[in-house]
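Got chain A sorted already, so can you dock chains B and C onto it with the hints?
These are the residues of each chain, in order.
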Amino acid sequence: MAAATPGSDEGDLALAGVVRRFGAVTALAGIDLAVRKGELLTILGPSGSGKTTLLKVVAGFEMPDEGEVLLGERRITAAPPSKRDIGMVFQNYALFPHMTIAENIAFPLQMRKVPKAEIRRRVEDVLALVDLPGLGGRLPRQLSGGQQQRAALARAIVFGPRLLLLDEPFGALDRKLREQMQLEVRRLQRKLGLTALFVTHDQEEALILSDRIAVMEQGRIVQLGSPEEIYRRPATRFVAGFIGESNLFRARVAGNGYALLENGVGVPLPPGAPPEGSEVGLMLRPERPKPISAGERLDSVFSGEVVETVYLGETVKYRIRLNPGLEIIVRWPFREAGESLRVGDRTTLGWNRDDLHLVGWS
Amino acid sequence: MTAAVADRPAATATGTAIWWRNNRATALLLLAAAPALLFLLAFYLLPMMLLLAQSFEGGSLKAYEKALTDGLYVRVLIDTMLIAAYVSVICLALGYPVAYFLASTRPPWPTIGIIFVLLPFWTSILVRTYGWMILLGRNGIINRFLLDIGLLSDPLPLLNNLNGVLIGMVHVLLPYMVFPIYAVMRRVDPALIAAAEGLGAPGWQIFRRVYFPLTLPGVLAGVTLVYILSIGFFITPALLGGGKVIMIAVLIETQVRQFLNWGFAAALSAVLLAATLLVYVGLRRLFRSDLQWS
Amino acid sequence: MSKNQRLRTSVRAILAASAAVLLSASGGLAADPPKPAQIVVNDSGGAMQNAMKKAFYDEFEKRYGIKVVATSPVDLGKLRAMVQSGNVEWTVTEIGGQDAILAEESGLLAPLDLKIIDLSRYPKHTQNRKHVFPKGVYSTVMGYRTDVFKEGNRPQNWADFWNVQKFPGPRTMQNAPVDNLEFALIADGVPMDKLYPLDLDRAFKKLDQIKKHVAVWWTTGAQSAQVLIDKEAVLGTAWNGRYYVPISQGAPLKIEWNQGVMKESAFGIPKGAKDAYWGQKFLALVAEAKPQGVYANIIGYPGLNLDAINYTDEKLKPFLPTSPENFPKQFWTDLAWWKKNGPAVQERWQRWMLQK
Chain A
1 MAAATPGSDE GDLALAGVVR RFGAVTALAG IDLAVRKGEL LTILGPSGSG
51 KTTLLKVVAG FEMPDEGEVL LGERRITAAP PSKRDIGMVF QNYALFPHMT
101 IAENIAFPLQ MRKVPKAEIR RRVEDVLALV DLPGLGGRLP RQLSGGQQQR
151 AALARAIVFG PRLLLLDEPF GALDRKLREQ MQLEVRRLQR KLGLTALFVT
201 HDQEEALILS DRIAVMEQGR IVQLGSPEEI YRRPATRFVA GFIGESNLFR
251 ARVAGNGYAL LENGVGVPLP PGAPPEGSEV GLMLRPERPK PISAGERLDS
301 VFSGEVVETV YLGETVKYRI RLNPGLEIIV RWPFREAGES LRVGDRTTLG
351 WNRDDLHLVG WS
Chain B
1 MTAAVADRPA ATATGTAIWW RNNRATALLL LAAAPALLFL LAFYLLPMML
51 LLAQSFEGGS LKAYEKALTD GLYVRVLIDT MLIAAYVSVI CLALGYPVAY
101 FLASTRPPWP TIGIIFVLLP FWTSILVRTY GWMILLGRNG IINRFLLDIG
151 LLSDPLPLLN NLNGVLIGMV HVLLPYMVFP IYAVMRRVDP ALIAAAEGLG
201 APGWQIFRRV YFPLTLPGVL AGVTLVYILS IGFFITPALL GGGKVIMIAV
251 LIETQVRQFL NWGFAAALSA VLLAATLLVY VGLRRLFRSD LQWS
Chain C
1 MSKNQRLRTS VRAILAASAA VLLSASGGLA ADPPKPAQIV VNDSGGAMQN
51 AMKKAFYDEF EKRYGIKVVA TSPVDLGKLR AMVQSGNVEW TVTEIGGQDA
101 ILAEESGLLA PLDLKIIDLS RYPKHTQNRK HVFPKGVYST VMGYRTDVFK
151 EGNRPQNWAD FWNVQKFPGP RTMQNAPVDN LEFALIADGV PMDKLYPLDL
201 DRAFKKLDQI KKHVAVWWTT GAQSAQVLID KEAVLGTAWN GRYYVPISQG
251 APLKIEWNQG VMKESAFGIP KGAKDAYWGQ KFLALVAEAK PQGVYANIIG
301 YPGLNLDAIN YTDEKLKPFL PTSPENFPKQ FWTDLAWWKK NGPAVQERWQ
351 RWMLQK
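Protein chains in written order, with the working numbering: chain A, 1 to 362; chain B, 1 to 294; chain C, 1 to 356.
So here's chain A without its partners, still in its complex pose (with noise of 0.2 Å):
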């Protein structure tokens, strides 16, 4: 069995071929993977691809069935959650609805039998880090949703926990005050040198957070790297299609740097491509393609319809049927699209062969 490294500045929590099963079900098959010491490491997948587990397993809600977890120098992988040192902030935020905002925050320093005036110092000292001054006598009913995602925060924090892990934890609120506890959260992290395991199916979410993301399949890590990796160079078809918006085209790789498309269009191929005859994946942003103003050279160039138009603001999304039968998404600043791309215009666009990243297909 591979084990991490303990120790090393490489894993501040390690986790060494752990594996899981649920009867005839492996919800984690082999998981091997370092947080580096005040890392946000971010599990990426959709619902039934592990992640869930695995953060059980790291909390120790869950006992693999094989491999090892460490955090720093302790073996933790038998550890009851009590005693593995470990903030967590849960989903719906899992604050006692029995005890103030205060006595909630309180109650990991009173199970670390933390002396009186210290938890009351630390309690308001922590209170004022999340911005919630004064509300330590409220109960969590009478918070906001923002604020009880605050003082969950502050619950998770106040002990000074080896690891902070984030349970989904944006999921229940609007959309724009997501956005602020996220930066929030990445700010507090970044001040306390946390080192930060965060759980979500939510990409976009993934990508404005993380400095790094792990990105789960079927009970297995298929990708680890930087968002802009993750991003620009996807590994598998999977994280291309689940990784932000991709046009995706299926193709079998011909001669001359060339690929055959499925409708047997030829596209010139990036450098690196597999031998003749491999099948590929052509994962190709929406951003990517440029409409095609008259005199420039692109290394595929193609004309199409108008088939939808959805605005986002500063950019525009069309789908655009092209000649060869086949459609693709671009994202362009409303600008650059002209005045009046509608329904029913026609185009031309293309990009270059750097634009496209390849894919194993199978």
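Honestly, I wouldn't trust all of these hints.
As a list, the in silico DSS-like pairs of lysine-lysine whose alpha-carbon atoms are at most 25 Å apart [stated by the list, open to error]: (1) C/K211 with C/K166; (2) B/K66 with B/K244; (3) B/K244 with C/K211; (4) C/K205 with B/K244; (5) C/K212 with B/K244.
No lab work stands behind these hints, which were simulated from the structure alone.
Bear in mind the structure is a predicted one, so any value in this text is a computation, not a measurement.
Same frame as chain A, now just chains B and C:
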């Protein structure tokens, strides 16, 4: 705005319409509850008022004076409330774990457990009581077994005393404790327990600080139900207490049936009702600080 | 009223009128009022109700074509509530022994029509009843287990009952002062015919001696015998019929008739009862010797009609308080004394029960 319009006398019609629009839900709810309210009024409140009126027969407070000063009735009233308190505490001690079991096991165990808890409900009170007699008597199954295996040399006094009364009453009333607690336990968010654990609480602290306080509304409901039902108990104490345990309902019944002295019976009932309400208010007070969140 | 009903009513009226004319012409008898479809008789229920049905209700239905609906239990409080509210469901009701006089004095009962109810074959002291119909006799007697007290060493009187050295073992008595005070006084040496007015202080003092030996103060009739059967107690008191049933089924129990206290079981017609006339007719039937014999054969409680013994099973006679052998050993309770002193004595009894 709307309130201002409603206040203006000239706009009464509009005001009514607006009131109706704003309060339609409340009004409809009231309408829906009306049959039940009328039923309670006609078959509960009214007879109770009539009964209370009888306690002031001849415009005097004599009946009350007797009920409140006569050592016999005061003593029996206190005994009754004590017994009700014992029964409530025992029911809580037994019922809480049962409710926890029902709320936390996987199917089909909850269903099976609920059937067992409900069994006494489906058995007539006399059958139940005689069943206990067979089980608990001097020559009952329990005593004979303990004597036969040599654990005892004299039979345990399980029946025809306070023990018998408590056993019988707890048996009958246990469902009233289990179900309210069970209902509340089912609604406890498992994430809260996980949160407490994750925040460093050991098992018993989770129970003491989080789980138990969260189930307090059920506990209060159960204790109140059991206590109030206990106070009016009649047949079980008479049969299982061997006549040695006197509860107030027995004295009231004697006054009504044997001596047709409804005035005094009514006064005793009123005193009992007042004492019960007092205990109820006291219980609520006691729990209130812990329940304001619910 | 529908046309049909009106027609039927008028036809019935004409028939009734013609019948009346015919009858008065022939024998000078008054006509029966119109027959209701049913009357309601309230009794103590259980085995008693079964016996009542076989002995009286079925016979009444056969004779008059009026159905008898039986209800239970006997409840003086309910009777009062019915009479006071004017909504009387019962045509006839049983009345608990000690309650008869109270019911009568409280004006809850309609007068008996002794022209309809024939009491001429009843004991003299019961023949002039105003409201309370003397249905039968029962006796509170001593009973014991024959496997505990063998032949030659058996309690024979209340002094023996109190003698816990000679007759050891737990006792059972009724949870009420009635009968028990009398037994205590007899045990203390008061003759049966000099009991009333009861000397309460003396009686309670005597009861003090037995109190801690009473394992069960019984509340219901069924309980009184069951306690002996279950061996919760080995010596006790009960109403005689309660012992008869288990003894006839082979339980090792025996009745001691000596110094038993007899009471009448009573029936009455609630004041304001519908079809009161048919209530009188019903009681007339209950007063007859033959159905009383049938009733006694089933349940062991005799009626008061002196001829009923002719219709009673020979085997049953030792179990009847009215049998020539048993009757003289017992005494009658003083209902008037109990009526007057009942509430106060009951309170004293309960106070006494509370003392340790």
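Here is what the structure says about each hint:
no.	hint	result
1	C/K211 with C/K166	17 Å, holds
2	B/K66 with B/K244	23 Å, holds
3	B/K244 with C/K211	10 Å, holds
4	C/K205 with B/K244	18 Å, holds
5	C/K212 with B/K244	11 Å, holds
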